[in-house]
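Protein chains: 2
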Amino acid sequence: MVESRKMKLGAFLPAPGHHVAAWRHPESVPNGGHDFEHYLNITQTAERGKFDMIFLSDGNGVRTHYKNEDELSRQGRMVHFEPITLLSALAVTTKHIGLTATASTTYNEPFHLARKFASLDHLSNGRSGWNVVTSVTDAEAQNFNLDQQPDHATRYRRAGEFMEVAHGLWGSWEDDAFLYDKQSGRFFDPSKLHILNHKGEFFSVKGPLNIARPPQGHPVIVQAGSSADGQAFAAKWAEVIFTAHQSLDQAQAFYTSIKSQAERIGRNPHEVVVMPGVFPMVGRTREEANEKYESLQELIDPVVGLGLLTGLLGDVDISGYPVDGPLPELPETQGSTSRQQLVYEEAMKKGLTIRQLYMSVAGARGHKAIIGTPTDIADELEEWFVHKGADGFNIMPPYLPGGLHDFVDLVVPELQRRGLFRTEYEGTTLRENLGLVKPAHPSSHPVKI
Amino acid sequence: MVESRKMKLGAFLPAPGHHVAAWRHPESVPNGGHDFEHYLNITQTAERGKFDMIFLSDGNGVRTHYKNEDELSRQGRMVHFEPITLLSALAVTTKHIGLTATASTTYNEPFHLARKFASLDHLSNGRSGWNVVTSVTDAEAQNFNLDQQPDHATRYRRAGEFMEVAHGLWGSWEDDAFLYDKQSGRFFDPSKLHILNHKGEFFSVKGPLNIARPPQGHPVIVQAGSSADGQAFAAKWAEVIFTAHQSLDQAQAFYTSIKSQAERIGRNPHEVVVMPGVFPMVGRTREEANEKYESLQELIDPVVGLGLLTGLLGDVDISGYPVDGPLPELPETQGSTSRQQLVYEEAMKKGLTIRQLYMSVAGARGHKAIIGTPTDIADELEEWFVHKGADGFNIMPPYLPGGLHDFVDLVVPELQRRGLFRTEYEGTTLRENLGLVKPAHPSSHPVKI
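These protein sequence lines are chains V and H, in that order. When we follow UniProt numbering, the leftmost residue of the first sequence carries the number 1, and every step to the right adds one. When we follow UniProt numbering, the leftmost residue of the second sequence carries the number 1, and every step to the right adds one.
Hints should not be assumed to be uniformly reliable.
[As the list claims (entries may be wrong)] No more than 27 Å apart at the CA atoms, straight line, and that leaves these computed lysine-lysine pairs for DSS-like: (1) 192(H) with 182(V); (2) 199(H) with 67(V); (3) 199(H) with 95(V); (4) 67(V) with 292(H); (5) 182(H) with 67(V); (6) 95(H) with 182(V).
Please keep in mind that the hints were generated in silico from the structure rather than gathered at the bench. Predicted, not measured: the structure shown is a model, and the values here were computed from it.
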């Protein structure tokens, strides 16, 4: 069977790489979070590999609730560029690759975010993406006048209204609203200006936005929540879904479920691009791949491993339990419920001790790890892609820049040889490369004075 | 007398230029607000002219309260890039020039703004500036859950607390906090991490900031408020003060007053750089300069002129008064009280009709206009500079790019010839070029767990 679909690829690029010990890798740039040349290098490498986009995760705080100063001092990657400023700089130093930033609907105002993403979309000529998150830590809440984060349901209700306001603001001006008629003195056609006048539970926003409609209509909306609320949100709003699965079965079940949820509310399921995370450790031989993996695993500081696991479990304190014993039963959390469940189930299924569990999640953090040759990795990606577990993948290089170079130089050519991945960018915008149509201007009433 | 001080120069760069009819000028780029190439061109021109910085004004809304759609449609420059994203892109495509963005303390959260300016400072290797404003329109308030803006005093009280929080957050990490010690696994020295734990009237912010201390310690703080509250704020926080004066007398009085206010609260008056705005219309002859000015004046649409005047008067409705009669007495406003007063006094002093007044403010908008040859302009700048009316000037080209090219090619060489202006950048950061010292790390207690 000839596969006519093409795989989509995102590059997940925290400065040192995805593995928790990446910053200790001999090749890594440990201060890469503040080093624009490093980001330019890895972004241009991803562009050379014809990736659809790079992807920056984000939070609005630093967790400092560790047991003591020594444990705190061992946490890497606490500091880095703010993503929208960094992507603005990358927008004018790259040509093709999409630029997706994470931003929270819980601690922002829709006018600011709608405006900044519109500005990024103009600077990049239509290559912006927004990974919508509702945030998951009290450390963030405490930077915004709160003691603890709003509960899960409230965060998602606010997120939904936030999206309505943002989409409304992006429709402030029609694409051809501006006349620039020097002769008559008419700057724009007022029948193509729309005033939002939104009043809702969380927001009262009049509009219009003080920037023209983004070239893509709006940034590509990316979402990664996998809880019930998260899936309902994704089915309604997301155009790209980042997700985490360990097996093809799980991936297929999610793929079918999310596409049919989208279809049930009237969306075209092809316009929801499902991209599970994959942590690839590439070797020229399997032995080399395993050695590279083990040498990174050996760099895991035990206190950091335990801290990482605590975070993945929604900040449940497990420090009182023996690390060589099993995970205790977990209470309900207001953090990321889906991630907690995924990690917990994995531990139960495999009968892992706490230590074994944190070692196993330190690399891929709940995402699928593939350790092997370019052929091994291409085989697995092909299987998931062809059997509808994925429309593409969010590639999480273990360390940077080496882990990305390996993927671009060794795995991408193999995917291209099999006809699974592009050899040239199809379009000029992120939306075009992802096979998504530009949304029609939302119909609403023009300004009336 | 040999003048040892050097003049500082900022370039005020709204996309079409400062004159209200600039976008209708035959040379102007009317869609320049969304055209990165246009901004790169004018910023590189300012850098070629050894300007200390470019300066972007900003607001978080579009005024739509005009009498009818036709009047609305004649308002230019309603849409443009968001400044911090635009300056991030310019940070990596320029080398020397400072990059100053306006941002409001009334409609932002300190964690976000402190973080974004820190990120811009890292991207530019120490060339960021922040023009702190408290905003002046209800149109902005209505995009942020309010019906009307908070009153003047409340806005300034919030601004003061905002600055305390922002400065505290910029001190989260000492300059040498990061060890990046791959061998021992220690990422940073915890004795050099500071937790803010701010709790005040408007903000409760724990910190720390998730980005390293900015290369400049913090962005250069710019301020333009001239009311009593504005001056008190500037004396306390500002490192650069943008101001507006029509005569050397006025400029000297302000210069002396603001420097002594700063000195009284323990600051070095040399570290408050006073830069009045200047609107230069450069001609190779005086006749040419006058002709260029008149040809721009002829492009002023009467409804736009009247609307501009209304805005400068704090949105006081004067539409019921005959345009060829005098300005009525004005009620108190919650907008920019200092600007209202300046414009009102100018009208009274010269006995201007409403029409004469809007024609006179359409170009320079309350700032000093100098229409003449490069020698004329250099003479006036030199007089203000030498006689302590100014430490430098915020140059407001009437139209772009032409008005800036004229200044850089004709006036800057004349200032350099007289020894008043640099021929090479003195330092690598904006702070160094302005002659400002990097602030010491604020003393506070390191993190304790």
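Quick rundown of the hints versus the structure:
Pair hint residue 192(H) plus residue 182(V) does not hold up; C-alpha atoms about 57 Å apart against a cutoff of 27 Å. For a cut-off of 27 Å, the pair hint linking residue 199(H) to residue 67(V) stands: about 24 Å separates their Cα positions. With a CA separation close to 45 Å, the supplied pair residue 199(H) and residue 95(V) exceeds the 27 Å bound. Distance hint between residue 67(V) and residue 292(H) is unfulfilled; the C-alpha atoms sit about 70 Å from each other, more than 27 Å.
Note on residue 182(H) and residue 67(V): the hinted pairing holds, with a Cα-Cα distance of about 22 Å set against a maximum of 27 Å. Of the pairs offered as hints, the one joining residue 95(H) and residue 182(V) is violated, with about 35 Å between alpha carbons and a cut-off of 27 Å exceeded.
Of the hints listed earlier, those the structure fails to meet are numbers 1, 3, 4, 6, in rising order.
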